[in-house]
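The sequence shown maps to residues 212 to 328 in the numbering used here.
Hint data in this document are derived by calculation from the structure and do not stem from the laboratory. Source: prediction; values computed, not measured. Errors might be hidden in some of the hints.
Ranges of calculated distance between the beta carbons of each label pair, as one might list FRET restraints [what the hints assert, rightly or not]: (1) F308 to K266: 34 to 40 Å; (2) A229 to S249: 31 to 37 Å; (3) G246 to A299: 19 to 25 Å; (4) P256 to R310: 18 to 24 Å; (5) S223 to Q245: 48 to 54 Å; (6) T289 to E311: 34 to 40 Å; (7) S249 to L295: 20 to 26 Å; (8) R321 to S223: 38 to 44 Å; (9) S327 to P292: 49 to 55 Å.
Heads up, the beta-carbon is just placed ideally off N, CA and C, and yes, glycines get one too.
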Amino acid sequence: MLYRSVKYKHNSLDAVLAALADPTRRAIAERLTQGPASVSELAEPFQVTLPAIVKQLAVLEHAGLVEHQKDGRVRYFTLIPEPLESVADWLERYGNFWRERFDGLHHYLRSEHETSP
Numbered sequence: 212m213l214y215r216s217v218k219y220k221h222n223s224l225d226a227v228l229a230a231l232a233d234p235t236r237r238a239i240a241e242r243l244t245q246g247p248a249s250v251s252e253l254a255e256p257f258q259v260t261l262p263a264i265v266k267q268l269a270v271l272e273h274a275g276l277v278e279h280q281k282d283g284r285v286r287y288f289t290l291i292p293e294p295l296e297s298v299a300d301w302l303e304r305y306g307n308f309w310r311e312r313f314d315g316l317h318h319y320l321r322s323e324h325e326t327s328p
């Protein structure tokens with residue numbers, strides 16, 4: 212059975228950014244780019260308890276970044292890349308904004324330099 216948390220659109224960007232603000236959760240997400248993994252497999256590189264990893268996975272799941280599937284007593288987690296698109300879109304808008312501002316500043320400084328004695 213596949214489990215995916217319900218996510219609300221207006222909070223999704225905040226939830227994704229908050230989830231990715233933690234280095235352990237980023238490392239877990241990075242590991243999941245290689246494919247599904249159990250909680251035990253995800254806990255291996257860290258010096259923390261399984262319940263601590265489960266809490267980190269709950270945050271990622273709440274943000275819609277992971278989903279899990281149960282096989283008996285073992286839960287396997289999979290990365291869901293789609294929520295990262297909203298982050299990429301948001302960053303793109305700000306990237307465009309600052310590129311335009313810096314281009315304008317560059318042109319202004321160039322014109323000032325050319326007109327100064």
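Taking the hints in turn, this is what the structure says about them:
| no. | hint | in the structure |
| --- | --- | --- |
| 1 | F308 to K266: 34 to 40 Å | 36 Å, holds |
| 2 | A229 to S249: 31 to 37 Å | 25 Å, violated |
| 3 | G246 to A299: 19 to 25 Å | 22 Å, holds |
| 4 | P256 to R310: 18 to 24 Å | 37 Å, violated |
| 5 | S223 to Q245: 48 to 54 Å | 24 Å, violated |
| 6 | T289 to E311: 34 to 40 Å | 38 Å, holds |
| 7 | S249 to L295: 20 to 26 Å | 23 Å, holds |
| 8 | R321 to S223: 38 to 44 Å | 41 Å, holds |
| 9 | S327 to P292: 49 to 55 Å | 51 Å, holds |
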